[in-house]
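First to last, the protein sequences are chains A and B. Each residue of the first sequence is one higher than the one before, counting from 1 in the working numbering. Each residue of the second sequence is one higher than the one before, counting from 10001 in the working numbering.
Hints are computed from structural coordinates only; laboratory data are not their basis. Idealized CB from N, CA, C, for every residue including glycine. One should not assume that every hint holds.
[To be verified] Calculated cross-link-like contacts (lysine-lysine; reagent style DSSO-like; alpha-carbon spacing at most 30 Å): (1) B:Lys10117 / A:Lys69; (2) B:Lys10292 / B:Lys10412; (3) B:Lys10875 / B:Lys10985; (4) B:Lys11044 / B:Lys11066; (5) A:Lys69 / A:Lys101; (6) A:Lys86 / B:Lys10117.
[To be verified] Pulled a few chain B residues facing chain A out of the computed Cβ check, cut under 7 Å: (7) Arg10063; (8) Gln10067; (9) Ser10130; (10) Gly10131; (11) Val10135; (12) Gln10142; (13) Gln10145.
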Amino acid sequence: MSVRSRRMHVRHRCQAGRRFVIVAWTCLALALRLTAAYADQDLALRIVVDPENPATELSRDDLADVFLKSSTRWPDGTAVRPVDQKSESAVRKTFSERILKRTIAAVRSYWQQRIFSGRDVPPPELESDDAVIRYVREHRGAVGYVSGAANAGGTKVVSVK
Amino acid sequence: LQPSFRVKLLLIVGATALALSAVVIGSAASGVRQGRDLASVERRMVPRLLLGPQLEAEFERLRRGMQDAVAAQDANALDESRVTRTRLFELIASAGDALDPHDAALLRWRIQDYWDKASGVSQRLIGGESGESLVAEMTQMQELQRAAVLAIRKTAGFNREELSATFASIHAANESANEFRLAIGLGGLVLGLGLSLWVSRSMLRGLAELSAGFSRFATGDFSRQIEVTSEDELGHVAREANQMAANLKRLDEHRERSDWLREGQAGLSDELRGELDPAAVATRALWFLAYKVGARIGAIYAKGDDGRFYVAAEYAGRGKGPEAEDTFASGATPSFALGEGLVGQAAAQEEILVMDDPPPGYLTIRSGLGESAPRAIVLVPLARAGAATSVIELGLFRECTDQTREFLTSVKLMLMTAFEAARSQAALRGLLAQSQELATRLAAQEQELRLNNQELQVQQEELRKANEELESQRHVLSEKNTELDEARRRVQQKADELEKVSSYKSQFLANMSHELRTPLNSMLLLSHLLAENDAGNLTPKQVEHSKTIHGAGKDLLALINQVLDLSKIEAGKEEYELEPVPLEHFVLQARRVFAPLAEEKHLRFTAEVAPGLPAMIRTDRLRMDRILVNLLGNAVKFTDHGSVSLRIERPKSDVRFQRSDLLPEETVAFVVEDSGIGIPLDAQSRVFAPFEQVESRSDRRYAGTGLGLAIARESAALLGGEMSLASTPGRGSTFTCYLPEGRVSTADAGAGQSSRPVRTASRIDDDRAVLGPEEPYLLIVEDDDVLAAQLVDIIRSRKLRAIVTGSGREAVQRASERRPLGILLDVKLPDIDGWEVMERLRRSPATRSIPVHFMSGVDTPERGIAMGAVGYLTKPATRAELTGAIMTLTPPSQGGSQRILVVEDSVGQGEVLVEILRGQGLDADHVGTGCAALARLQSASYGCLILDLGLPDMDGLGLLETLAQRIETTMPRVVVHTGRALTRKETRQLELYAEAVILKDGSSEARLLEEIHSFVRHVTETLPGAQNSKPDGEKVVDRSLVGKTILLAEDDMRTVYAISALLRGKGAEVLVADTGREALEVLNHHPDVGGVLMDIMMPEMNGYEAMRQLRQDDRFRALPVIALTAKAMMGERERCLEAGASDYLTKPVDSERLLATLHLWLGKREADGIGSRH
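The whole structure should be built from the sequences, with the hints applied where relevant.
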């Protein structure tokens, strides 16, 4: 009896090992692909804040916190007003994956839960890069993102660490 | 105011009851109010406590429902939230009283608002909107949600203020009720205490007064009464006590007065005691009366012969003149006639007269210093039978009280009597003087008489002297008597000593015989074995020597037996039993024993009964047999040619008997006549003495002990008869034994005689028709149909066959044609009797070992046992006894062990027996004590027990009895092998247990072996032909192992080596296996293995398991498997047998035991094999 159980245990460990190898390989492949994509689209995304915002550089984590409304104030105490783009837009997809590290559907689900539990509301979604720039320009503390081709006049582009 | 205690107590009880009822009513009222408050809590608060969580849960469901609809992008799912909303409304409506109606309406409104907004937002979200306006809507929706949740919490939640208000009101009510109860209770307590104090104080005061009064009364102080102060119960008691005190006081006074009277009477009586003359009596009486009543002057007047009263005594009187010495006689000085003066008047009236205040000068009382007149004068007449005889006059200084008068009245009679007595005494004294004179004259006459008497005494003295002489002669006689007694006592003592010595002798002989027989037995057995020369290693000379030893031993044994017999007879210890014996019996017996011997010596032998004799005589059959054997034996021994004869006849008319009680017409003569060498005249008187032989001088041509005739003579004397001898040297001798006939009653004759017709073919329905060719059967030899039928029944019930015959001849024939399991043999048979049948059976080797059980109406079991029967049954027998008899003949059903236990105190003897038995291929053990035997029998199974009766620790019979009680299974067969002669009683007791009793004599070992063989045959029920096989040189044990293959399963190499060496030495092939599993494999490859020795403790698979598996294989079902184990514990054997072992041996294995066991099982298997081939 004990022998059989020991054997089963060993087999179990072997299977676990095999699984680990598979996962490792998959992770490696994904990582390679992601780095490639990141390199391609690096220039396709810009973060804009209102011109009065003193920041010149934001970390990716801070940016994600701001857009998921985990942090609501800038360091100087100004209220953060994030602004999103339509979910069909390519730049939104890029932003989600690169900065928020989530799919758009996951983000939507996150917000639905926040809405109906009465905790928070999502940032408004605007039609285009121009609408975003306009909004950022007009609102104090606003922050948004636009595609690389957009004219960011009147806003301040900050780099992402 | 003084109310009674009853009223006071009622007051206390009433006040307490009032206070209690106030408390009870107050408590009930407050209880009702508290109940109401609690009910309101239950009706309003509790439902709200339940409703709150329900509403919250429903609201959560509503919110989540919309969230899920949005997540699923499904507008229809929103409808479900409408249902949830409706349910919320229903919950609010159902709350009823629990909710304030206003709050309920507000709540409804809040929920409705939220739902309207939320469903709008949801629809827009589903529609994919996400603009700024929607975000604003969401914010609004979240505010409405918070408002709705707040409303739910507020309305239906747990309302602390309301609850605490309610509880506060309940507490307040409770407190006020408690205060009320406390107040009422305290009030009642104070009131009760006050009343109790008041009552107890008044009671205690009254009781104290009463107690003081009672203690006064107790000490006799009646002067003060108890003050009555109250009208209550104590007052009543005080009044009663006062009444009682008054009564006591009256009683006390009365008692004092009567005491005074009694003292006076007693004092007076003391004064008048003794023999006094009349004057003294009068004086003493007067003085005492004066002292007692306090009189200061007094006189007594007595009636004289002339009827006048004269002064008899005075107290402080006027004095007497010199002439007044005897007032009775002279009549001088004042005297009064009846009725004369006051004295006379008082005498006439017979009443006490009192004169108060006599006039001055009437009488004066004088002392030396003064004088005065008395206050009262009392006159007391003493009258008898209507006539006054005396008058007492007393003068007092005080009035005569009632008490005085009473006292005087009470002593009147006593005084009267005293005076009369004094007067009669005076008269008596005169008479006494006369009688004294007469006495003087009588004394003179007496003197004369005394003289006559002296003469008579002289004559008496002479007579006494003659008597003394006689006495001394009687004394001499009695001395002589004492001497005689002494002499007789000494003789008696000597006789006792002699008897004791004689009993010592007998005891010694009995013990010696046992002690002699036992070693002798070993000698006989061993010498016999040697002479047989089984081993074949003795020279013919040595065999001859052995035979000589054997013969000498036999002679010695015969001598010992005869010495013992003689000593028993001489000591009077020999028992004998008179029974009716047919004379024909002696003739038959003589023919049977001596005809063959006579034939050997070419002698003519005749035996006959003369006509005119009774058919039976009453005697002891065995003793008489012995006498005849001795006489006839001598006759045959000392006769070389010619004839020997036995005649039974009436004694010749010229015979003179030495015994006076023998009558010729009631005496039978047994005449043994021979034509032998004869006895010289001078030796004829000596032949009956012990150890005498005619030719004891030189050559002992005729061997013999010389005791036979002595025993014969003593036996004859014992039976009430005598012996005589007539002989001529060279011509022959005639020994005659005369025996009294004895009275043979008709009943005895009937029992003894055989009057039944001869029947050869039995009418009993037996099994001869259905008996199969190989079937075992029992043979019943019995001409009584009823008994035979009963026996057949019992045998059939035991699944056996029975054949019945009524003829002895047929029985012998049948037994030799076809061997029965056993024979039930009746002694009394129409043709030849049972003894004869037995004799013939024993003579033929084919039938010798058939067990025979006797049945007889005559009770002579020892004869049956002596002939080698397995049992003896006395008729009439119970069914149980019959069954027992059949049991001894039939083989034990199952599980019989072949082992034999020898219980023998002599080690040598025991070892010899064991050796002999082992030589026969039997397994035998030897123990020396009864205790050891019991232990052995309990720990192991034995089929047979050979028992010596004389054991050091217990009696053999006791051992058997103990064994019968202790042992649960069947008793082993018991064979008693003893050197001790047995009494009839012992024989009978032994018969209860023992199969056979064998005396240690010359033929004992043959008998013993026969018994053992019969036992072995019973157990094994096999080996046709083996029943007669004497151990003629065959080494059974060795042969049984040659060519056999034996598997030894054992892991201990030393044991393997030892056992395999032993078995190989016996010619067996030995296979060895280390474990149980290996043993099974080896068996699989070698199915020809004849037997297995299986150790129990083995690695991998133990012996039990191996045996179990082995038995499951059909090929090895009957394979003998002998378990070996070191665990000699109780139950081990059963476990082994249960696991399938055929037998069981404990380690260390005894090689003999091992071989014996192997032989037994292998032999058995072979026999089974033979049986199955048939």
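Just pull the numbers of the violated hints for me, sorted ascending. Per hint list: zero violations.
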